Each structure stands twice: as C-alpha cells, then as structure tokens.
Amino acid sequence: MAVPLLYAVLSGFKSTDELSRNPVGLPESWVTSNYTQILGSGDFWRLIGNSTLIAVGTTVLIVAVSALSAFSFARFAFRGREALFTLFTMGLMFPFAVAALPLFLLLRSLDLLDNPLGVILPQAAFGLPMTIIILRGFFRQIPGELEEAATLDGCTPFGFFWRVLLPMARPALGTVSVLAVVTSWNNFFLPLLVFTDAQWWTLPIGVQQFQGQYSAEYAKVFAYLVLAMVPALAFYSVAERQLVGGLTAGATKG
Amino acid sequence: MTSTFLPDKRAGRGAGAPPPAADRRPPGRTRRRALHWLTAAGFQLPALVLFMGLVLLPMLFALYAAFFRWGGFGMPSDYIGGENFTRLLQDDVFLGDLWRCLVLVVLSLALQLPFALAMAVLLNQRMRGRAVYRMLFFAPYVLSEAITGILFGMIFAPDDGFADQVLGKVGLEGLGGEWFADPSTVMATVFLVMTWKYFGFHMMLYLAGLQAVPRELTEAALIDGASAWQRFRNVTLPLLAPTLRISVFLAVIGSIQLFDLVWVTTAGGPDHHSETMAVTMFQYGFKRYQVGYASAISVVMFGISLVFALAYQRFVLRRDLEGATTTMRGDGK
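Protein chains in written order, with this note's numbering: chain G, 5 to 258; chain Z, 100 to 432.
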C-alpha cells in the first residue's frame, strides 16, 4: 500500500539519470534540488493558495446553506417536506459528469469561467445532498425540550438555530466541513472545465500540467507529486476521525 | 422529537404524529400556520436555489439538448428527435464504454470488496499497530484521483517505470509490459489503481459496520461451539449486510461515473480501450463540439445511474434506507 508513496518520495531525491539506473534502492546521494526548486517557485504556492481559497469558500457555503435546510427538515413539519427531502436524497445519485456540459454552458453565460465562484457554487450545490442528510440526522438528536425552553424564553426560530443549535452541533459541523474540504481539494473535473487561465489552476490541474511539461524529467515530477500530496495527507492526519466519521455516517445513512 | 415550532406542537408531540386535521383548528391558527410554513420555507430557500439552479436545471437542459444537433453556441435549434440516441447505439466506442463499465463493476464487486472485507475483519482484531494500518490503507482515499493517476502513470510507464524495473530485477521481465499503453492490459491496470485508491474506503465502511456488531453475539456463538468461519458466516456477515449493500451501491455508481483517473492516465486510450462514458462525453462535448450528441451520452449515463439507483433502492436497500427517504427513525444502520 505504502510502496508507491515511498517510491515517489525517494525518487524525488534522485536525479532522473539515477532513477533509470537505480529505481528501487535508496538514493546514492540525496538530491534536494527537485524539492527545493518547486518550493521556491511562486507557481506551486499559487496553486495551493487557489485550492485553499476554493476549498474554504465551498465549505463555508455548503455548511451554511445545508445547516439552514437541515434545520428546517429536522425541526419543522411542513407540507411537502418529505417530497423535498426525497428530491435532495436523489441528488446523491446524480453523477456530476451528466451535468458537466450544461453547467459549463450556464457558467459561461453567467460569465463565471475563470472565476473561483464558477467552481465554488457548483461544488457547493453538488455537496448539498450529503451534507443535508448528515446534518439533519444530527439536528434531530438534539432534544426538543431545549427548543421549548428557548421558545419560552422568547427565542425566534432563527435565534434558536443560531444561538443554541449551531453551537451544540459543532462536532457535526466539523465532520461535514472536513468532508467538504477534502472533496473540494480533490476535485479535478470542474476546475478543468472552468479554469483555462493558469492563474486560477488548482493543485490537481497544476500537477497534471506539470507532468505534461516535464514528462522526461521523472525525478522532478515525482518531487512535485509528493509535494502535492502533502497538504491532503497532513490534513487527513489531523482530521482523520472526523473524516472517517463523516463518511461512515453519510454512507450508512444516505 | 420533531417540529416543536409547530403552533399545535403539544398535540403533535410524541412519536411525531401528524398534526390534527386543519378544520378542527380554531380561527386565527391559519395565519400562524402560514407563518410557520413561511419560516420553514425561508430556511430551505438558499439550498433550493443552489440545488435547482446548478444541479437540476443543468440536468434538465442536458435532457433537452440531447434531442438537437448542436455545437454548443447559442440555443439549440436543429431538432433531430432521437437521432443522437440511435447514433449512440451504433457507436462502437460508446458500446465499448458500456462493456467496460460492466467489467469494472463486476471486478469491483468480485475482487475489491471481498478484499476490503477480509482486511476489515483482520484489522478488527486486537493487534499491534492497528491504528497505523488503518491510516495507511485509508490514506490513498484522501489523495485526488488526478494525483493518484499521475503517480501510477509513471510507475507503470513502459520499460523504465518502477513496475517494469522491479519485475526485471526479480527475473520476471516477461510479466512486465506496456501496462496503460497496451489495449489488452489497460483496463486491468486501471482497475489495479482504482483498487489501490478505493479499497481503503470500503474497508473503513466495513470497520465501522463491524464495530456495531455486538460482541455478545459472537461470544455466544463461540460458546455454542461455532468455528471462526461459522461465526463470520452466520453472525457477522448478516449483521454487516446493510453496510455491504451501501458499499456495493457506492462502488457501482463510482464505476459508472469514472472520469478523473482515466483522463489523467490514458485519456481513454490506447485507441479507446480504456474510455469510460464520462470520457467519451467529455471528448464529444468539449473537444469536438458535438454538444447535442454529448448531451445524449449524459442522458444515458444518468438513465443508467437512476435506473440502477431506483432498482437498488426498491429491491435491495429498502430495509436499510427506510429512514433516509421517509422519516429516518432510528439511525438507518
């Protein structure tokens, strides 16, 4: 399992020459220039910055919008609730690829190509079903007595949502946020469609372009790949519990 | 539990009983009911706008555009009825996509998931370094398909790639090959990479499911003299069934939609031998500007996903999902 990753890390420390002579072993002399060159270039950091901006934007939007909707699903009885909820759950099985083409045309007509919003908005829209389902489950577990108490104290529904429910649901919000960040960070298809201007490329797109550009210089590409993996793996090691919790909750409940 | 903001909440409390009939309501409640509805709707509005505008609307538009010969500029005007669809049925690449999709589904279900289950059962034992293994196996899932694909594209590069060189070193040159570049091995290679990336995810699902299996049951079976296999087969497996059904569902949907991994490794080549529906759609829609035809591919892809999802939900998942689409009483597990 770890072999491909280790191989990539070690290869990044070799020169391309050495890589073909000595693919498996430790580097004869540890060449750090592959890594330092990439870290020293502004391009790499811009990719990270773009990916971060888009991930944060998507996450804030998904969580805010889904929390409102999940609150309404979990705590109100209204005509059409079940039908609406079914519509959202059906959204889970809409393959993104199906909507890609018209979505692209829509974004083009809204002038959102080469604009981070062109990625953030659709990502948020496609992330809604899963997030709403997970949050609704959590919101339902918060006892109704609290709501009564808050209402008696003169709390409006929104006041209750904002001042009581959201603070209490912090672990759940953390879980869905981690899910949203990872999904956004790894998205390839949508940024590929939306960003033609290299200024906006995200990490997966940047890696693909880099590989195309330096296809003969294996060691360099390996170093680049390794560096591109670091943020995701670092984030994972910090947020592992929440990520796994979210996936299993989402999968068994959705 | 639910709906405490309902004006008649007292009557409605308990097991979430339906509110009393409207005509028994004293006057004045109608207005409060309307207000209540408005509040609930207000909370739904942002989600609805986003979902309708960027998910449903594009889907419906794809359905519409599939009936036109259309290059993607202006509005579609050249109506050709079902011609795009009949063309699909004669398109060898598309028929190949369907075949390859089926192959991926079958391979996933027959190899990837049992492997993940075996690993999960193994890691569910008390053993040293269990947490490390879990993290290790799951880590590939966190990497994007694009990055994974490029990494393996280089590992499986013909001749000087890692895979070939290792095989050469241990004296198995004959086994090395063109991997992604050879029509006869490309799908197997794609599947190998898919497995590397996704089996940890399924393993995690199973581990979560296994944690929910009460120890008392397996212990009771042990006391009754059941062998390890019998305990697994007759106690664990049935209790794990809901998790298995979900993971099968996700694996199938994932195979239908596969794009990133193929796009960065082979872009569908050599000579379409690893093309998936999504890749074909992308080729026609964004490279060859046959947007109407590409939309037809989208529609078929959606149709397949939908028919599968509905059938699966109707016949397989019904018991597990009872909550998800109606009231979600209990916790769906």
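Just so you know, the hints here were simulated from the structure itself, not pulled from any lab data. Accuracy of the hints is not assured; some may be wrong.
Which residues of chain Z face chain G? A partial, calculated answer using Cβ under 8 Å [as the list claims (entries may be wrong)]:
(1) Phe142
(2) Leu149
(3) Met226
(4) Gly228
(5) Val231
(6) Ile249
(7) Phe251
(8) Leu304
(9) Trp328
(10) Gln356
(11) Met400
(12) Phe401
(13) Leu405
Computed cross-link-like contacts, DMTMM-like style, restricted to lysine to aspartate or glutamate with a CA-CA straight-line distance of at most 25 Å [said to hold, decoys possible]:
(14) Z/Lys296 / G/Asp115
(15) Z/Lys296 / G/Glu244
(16) Z/Lys386 / Z/Asp370
(17) Z/Lys386 / Z/Asp281
(18) Z/Lys386 / G/Glu244
(19) Z/Lys386 / Z/Asp259
(20) Z/Lys386 / Z/Asp190
(21) Z/Lys296 / Z/Asp259
(22) Z/Lys386 / Z/Asp177
(23) Z/Lys296 / Z/Glu318
(24) Z/Lys386 / Z/Asp191
(25) Z/Lys386 / G/Asp118
Here are the computed distance ranges between Cβ atoms for each label pair [said to hold, decoys possible]:
(26) G/Gly53 / Z/Ser176: 36 to 46 Å
(27) G/Met172 / Z/Trp198: 23 to 33 Å
(28) Z/Gly402 / G/Leu121: 23 to 33 Å
(29) G/Ala68 / Z/Phe414: 47 to 57 Å
Nothing here was measured: the structure is a model prediction, and the numbers come from that model. The beta carbon of each residue, even a glycine, is placed where N, CA and C say it ideally should be.
Status of the Z/Met400 interface restraint (C-beta, 8 Å, chain G): 5 Å, holds
Does Z/Ile249 meet its interface restraint, that is, does its C-beta lie within less than 8 Å of any C-beta in chain G? 5 Å, holds
Classify the hint on Z/Val231 as holds or violated, based on whether any CB of chain G lies nearer than 8 Å to its CB. 10 Å, violated
Measure nothing beyond the straight line between the CA atoms of Z/Lys386 and Z/Asp259; if it is 25 Å or shorter, mark the hint as holding. Outside the cut-off at roughly 31 Å; violated.
With the threshold set at 25 Å, check whether the alpha-carbon distance from Z/Lys386 to Z/Asp281 stays at or below it. 24 Å, holds
With 8 Å as the cut and Cβ atoms as the points, is Z/Met226 at the interface with chain G? 16 Å, violated
Given hint Z/Leu304 near chain G, where the shortest CB pair must fall under 8 Å: With a closest approach of 6 Å, the Z/Leu304 hint holds.
Quick check on Z/Leu405 please, does its C-beta sit within 8 Å of some C-beta on chain G? 7 Å, holds
Interface hint check: Z/Phe251, Cβ to nearest Cβ on chain G, cutoff 8 Å. Holds or violated? 7 Å, holds
Next pair to validate is Z/Lys386 with Z/Asp177; report whether the Cα-Cα distance is within 25 Å. Holds, at about 20 Å.
Going straight from one Cα to the other, do Z/Lys296 and G/Glu244 come out at no more than 25 Å? 16 Å, holds
Does the nearest C-beta of chain G fall within a distance shorter than 8 Å of the C-beta of Z/Phe401? Z/Phe401 check passes; min Cβ-Cβ to chain G is 4 Å, inside 8 Å.
The structure fails hints 3, 4, 5, 9, 14, 18, 19, 23, 27, 29 (numbered hints given earlier, in ascending order).
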